[in-house]
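Using the sequences and the hints given, assemble the complete structure.
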Amino acid sequence: MTGTFIAGYGAELVRRTLQHVAMVTVATVLATIIGVVLGISVSGHERAARWVIGAASVLFTIPSLALFALLVVALAPIGQGTGNVPAVTALTLYSILPVVRNTWVALRQVDPSMVQVAEGMGMTPRQTLLRVKLPLSLPIIMAGIRHAAVMDVGMATIATLIGGGGLGYFVFEGIARADRSMVLAGTLVISLLGLAVNAGLLGAENRLAPGRHHRRGARS
Amino acid sequence: MIELDAVTKRYGDKTAVDRLTVTIPDRAVTILLGPSGCGKTTTLKMINRLIEPTGGDIRIDGHSIATMDPIALRRSIGYVIQETGLFPHYTVEANIGVVPRLLGWDSKRIRARTDELLELVNLKAAEYRGRYPNELSGGERQRVGVARALAADPAILLMDEPFGAIDPINRRSLQDFFLRLQSDLRRTVVFVTHDIGEAVKLGDNIAIMRDGHLVQMDTTHELLEHPADAFVTQLLGATRSSEQVLLSRAARYVDTAFVVMSTEQLRGAGGIGDAPLVVLKDGDTIRGYLEQGQDIACDDPVDAVCTFETVSGNATLLEVVRTLLASGRKRAIVVDRDGAVLGTLSVPMIVHIMEGVLQ
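Those sequence lines, one after another, are chains Y and L. Under our numbering, the residue at position 153 of the first sequence is numbered 153, and the numbers go up by one with no gaps. Under our numbering, the residue at position 18 of the second sequence is numbered 1018, and the numbers go up by one with no gaps.
Treat the hints with care, since some could be wrong.
Claimed, not checked - Across the chosen pairs, the derived CB separations fall in these ranges: (1) S41(Y) / A1230(L): 30 to 40 Å; (2) V73(Y) / G1012(L): 30 to 40 Å; (3) L70(Y) / G1037(L): 55 to 65 Å; (4) G1012(L) / S191(Y): 50 to 60 Å; (5) P1035(L) / G44(Y): 26 to 36 Å; (6) A1112(L) / S57(Y): 29 to 39 Å; (7) L130(Y) / A1112(L): 40 to 50 Å; (8) G154(Y) / I1169(L): 50 to 60 Å; (9) D1195(L) / S57(Y): 23 to 33 Å.
Worth flagging that the hints you see were computed from the coordinates, not collected in a lab. For every residue, glycine included, the Cβ atom is placed at its ideal position computed from N, Cα and C.
Here's what the structure looks like:
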């Protein structure tokens, strides 16, 4: 059965896997940029932070199918009602919350004495941010990005419903045709993709961690 | 010279520092001493403008710091805080290079300076340069912290309880290290502590603060001899003069009845002869001491030397007693900043000194 499936759908599977990965990548990168910039700009402004994170949370609570549908309607006037654009937009919107929330939390948990010593040695606010606060926040920010990316892998499945492509095709087509192996193949690849993204980003996180062994709590 | 002129810091209706006027002399260690909440750290942070005063003026060499660019001011002043001060994501070299990099030095010059400073604080450059702070002991971290503060060769060092979070034995050796360093470098140091023993040991001058006020500012010697009021006396740890004498520096009370001999001389003499006490010292290394009346049973008198503790002449008698009691050794050999022997002290001698004060 596996043999016939690969023979029939092999090329399609590869093509759609690449599509899936492309959507997730673009959405995660966009969300990272938007989320980190937002997180930095609201850090230190308690009120603004609550608004921004509140707004991102509201976006997060919209059911994914509904958000895709809403974007189809919203983007139709500029001729982008179906396909990649609404799919990536939806994924990006969802991913902003974990990134912005983690960035904000991470910047708040930086040891105040680190910030003070940075300022005391004559760093400008910008240097303090780039050389001390952000590097020390990196593990938590990276965890937020990882959370967003893994979530996107799953959510990108519905992109196929609005013509966005990706591995969701196998799942939904499989259901329509009552083809169990199609559903199974799609689900399996999506799951493996999720695991791979998680492992890859975890590896990156560990490599970027400030200080050798720092995150294993060796700091005493 | 750093002049604080009626400096005041208010937070709402709380006054942290109240019209503080102090002149901090150049090339000496001035201690800001007082109980927690007395405004000493706030005062320190006003000198590098981490905190802006509500009133009054601070001048460095006659120039009001309020007119200076705070960033440039801070880069020209060394700053050391408790052991958390090193950046955990930077190597030792990167930590030491922070201010030089801010000042735009090239990497070759920074490397050379880092190695020079690591040497200065007794850490092997090749071994330590690439380590991260979590790979260092508490004492090593603090040495790197001091090296970092010295990186751009500042005339002024601000130190905020730098040895506060370190265990007593390491703190003692860091203090000794700091004294040696300062006798070479002669920087203008403002040093915050709440530890009276540390203040006496390290300070050329001590400014005692309470509730944001200056209570007394004097040389350490003057302050111990003539405390201004009951608060100072109490802060000095004792209301009775017999206990207060424990805060005197060891150098003042050492037993100077001793002779220094080298191994060769001792062997040549075949014993210590009439000398009350012989300190055995070869070159810069003190090997031990021999006392009159001590049983020298072995053939070689060198085998009979007693083990000892070395303490700085600046250390308080209290520190000497603590060190001896902790190690179980009988005598401490007191040395000056260059390692020359000033004399010896034992616990019974210190008790005797206290009794002498009582009479």
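Here's how the hints hold up against the structure:
1. S41(Y) / A1230(L): 30 to 40 Å: Once the Cβ atoms are compared, 54 Å apart, the range 30 to 40 Å for A1230(L) and S41(Y) is violated.
2. V73(Y) / G1012(L): 30 to 40 Å: violated (54 Å)
3. L70(Y) / G1037(L): 55 to 65 Å: holds (57 Å)
4. G1012(L) / S191(Y): 50 to 60 Å: holds (58 Å)
5. P1035(L) / G44(Y): 26 to 36 Å: holds (32 Å)
6. A1112(L) / S57(Y): 29 to 39 Å: violated (53 Å)
7. L130(Y) / A1112(L): 40 to 50 Å: Hint violated: Cβ distance 26 Å, outside 40 to 50 Å.
8. G154(Y) / I1169(L): 50 to 60 Å: holds (57 Å)
9. D1195(L) / S57(Y): 23 to 33 Å: violated (49 Å)
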